[in-house]
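Engineer: Take a look at the letters that make up each chain.
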Amino acid sequence: MERIIFLVDIQSFFASIEKADNPSLRDKPIVVAGDPERRSGVILAACPLAKRWGVETAEALWEAQQKCPHLTVVKPRMQKYVQASLEITNLMYTFSDLVEPYSIDEQFIDLTHSLHLLAKTPAQAALLIQKTIYQRLGVKARIGIGPNKVLAKMACDHFAKKNERGIAVLDRETLAERLWPLPVRALFGVGRRLAHHLERMGIRTIGHLAQTPVTVLKKRWGINGERLWLTANGIDHSPVSPASHSRSKSIGHHMTLPRDYMALEEIKVVLLELCEEVSRRSRMKDYVGHTISVGVRGARLDTPIGFYRQTQLPEKTNHGPDLFQAALTLFNQHWSGYPIRSIGVTLSGLERASEQQLTLFDQPLVKKERLNRVVDQIKERYGDSALLRAVSLTGAGQARERAQKIGGHYK
Amino acid sequence: MHIVVEQNRFQEAVNQVAKAVSSRTTIPVLTGIKLEVNREGCVLTGSDSDMTIQVTIPTHENDKELIKVDKLGSIILPAKYFTEIVKKAPGQQLELELTAHNVVKIGSGSAVFQLNGIDAEEYPQLPSINENQMFRLSAQLFKTMIRQTAFAAATSEARPQLTGVLMKLENKTLTMVATDSHRLSRRTAQTEADESVQFDQVIVPSRSLSELQRLLDGEETTIEVLISSHQLLVKTDHLLFFSRLLDGTYPDTDRIIPDSFKGTLTVETQAMINALERASLLARDGKHVVKLNCQPDRLEINSTAPEVGQVVEQIDLVRYEGEEIQIAFNAKYMLEALRALESDRAEIGFTGALSPFMLKPVDQDDLLQLIVPVRT
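Chains as they are written, first to last, in this note's numbering: chain G, 327 to 737; chain P, 52 to 427.
In short, the hints are calculated from the structure, not lab data. Predicted, not measured: the structure shown is a model, and the values here were computed from it. Check each hint, because a few of them may be wrong.
[As the list claims (entries may be wrong)] Among the chain G residues that face chain P by a calculated CB cut under 7 Å, a handful are: (1) GLU591; (2) ILE593; (3) TYR634; (4) GLN638; (5) PRO640; (6) GLN682; (7) GLN683; (8) LEU684; (9) THR685.
Backbone N, C-alpha and C define an ideal beta-carbon position, used for all residues, glycine too.
Start from the sequences, fold in the hints, and give me the full structure.
Structural biologist: Below is the structure:
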């Protein structure tokens, strides 16, 4: 049975949310952008009016302001967007029980078995979903419809986003006619580098790729080559799985520093803060981890310098200070003293914390756990910055600032 | 160098020293086996710098000539090719002759090999050992002690000391301890040693000991064990086995061995092993948590593997004294510990659901296995 998959994408998500929240902005060109002072001065989202002026996502704020002098700049409110995204997910669950959030503003929905309850045709159902989202949140949704996830995604990106209704269907019958003429870089999963390689092989359109013998692609790119070929031919068997975000393989945090850090003493502060964040999130998800990795990027972007290294922890843990000890050792081994722009810590090799092998030598384990539980409860109740390490209050500390942010932007 | 040697005997010796040769070594000459012919016989040496094995084939044994020596000399031959050539040699005898420029002619039956070697001068010196710290025990006993302890050593390098087996000697009593911090094995035995000989904090890599255990197969003699600050040397009639010792301080394990118990269970070892093996059938990736419920008249194990299923089994117990206990542990640790007891009946002492429990053979106090439970 042919499946019916929707990809629901929200137009200019952050900007649309801001406009819905503040009607006085409705007819003005606006962008959501970070604070240039703290190195986050890029355009996160631009409304369609701003885009008409040539403003693009991910360009620097000053560039956008040059293109559109009367641009309204709105500071991001990440918490609000996350909530809106969750609200949309919950709305989607009223249409089907198979909903997979794909990004903050995109969701896959499998309507194969519930379409008949909603409408006669998929396009009618899409209209209904658009209406529901608009009524609830005041934002416009674009919907790609296909027999699988990749076709739904490409229907949305290449067609729904470009037509008035914001709804487009891509199925196997129309594939050759509609998708194949597009340049190969428009294919889901083809980046700039890969497109370049393909073009050099004479593969310029998706159609060319679809008709290239799969063996040729497999020989060059292995499984990935085969996957490309399948995608170009509109074949994708992956299910819409609500669980795909719930089981993590690793838990990591990363921060771009507000200024370059040069002194070990300062770097240690943020390293500890990252370890505490990682350990807290591991505890929230009931994980202990066996491997810790530290990644660092140097200050000068033109001469890339840095490292990404990992080590095994003596025992599986989710205790911040234990992670810090290992992270610091790694850092000291691989850092040669250059200024640092960004740093990250990741815990992997995750296992359920609730079924834990106890050890002979780590008897204070119970004590650590009791401490962690209390700290977590305090933060849960009074906010992330309610309880901080003293070093976090020094000039180098970022914990206070980060407590107010999500993904590097203000809540 | 020019000898004629009996193929069987020579092959056995080559295989023994080849165990110490690693293809991944930072010292290229150690990919070879050193061959030295002197008046006593033929001495073969293999090493990976952590572990060195030297085997001597005497010219004569029990009035039988093993080696016919024409000319003395020495050479290093690449182990990879040399072991295979010796193994596949067609004749009863092997003729080895060093011709010019480090080339060795190996003849057997109708086959003749020319194998390029390296000057024996290049081979590293054997470690020197101060013979004061020495004890003797039977090869079989030492083998048993290794078998009963080394498996519990850590495989992860996170705490390097724990990848070794601790050896200490006091009042002629040798104690061997291994732990990966989740379980611990301890075995003691009497040795022949001078009263004055005692040592502590000798940590031998468990990999070396496992290799040694295999080398001692079929060895019925008494062996000598010598300890220096960085090396262990085990001597038998024809074998020298050197191992580097691990640096670091071994944790104090005496204080974590319990001496009083909340409950003591006696079971038939094999029955328990069989039941645990059945309970482990549902295990995936080797980590399997099994729950044990002990009551004076009833012993039950059960286990649940998410997405696979579950199992419950009642086991006949010989005796249980103490309060009811419910405890969870990794089945693999329990199985390995039970097998290492090498005893018909096992006595298991519990100290609580979240603290270590101890296994030992009934009526025997020189061996114990400690397992730390899993919290569920």
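Engineer: Please flag the earlier hints that this structure goes against, numbers listed from lowest up.
Structural biologist: 1, 2 and 3
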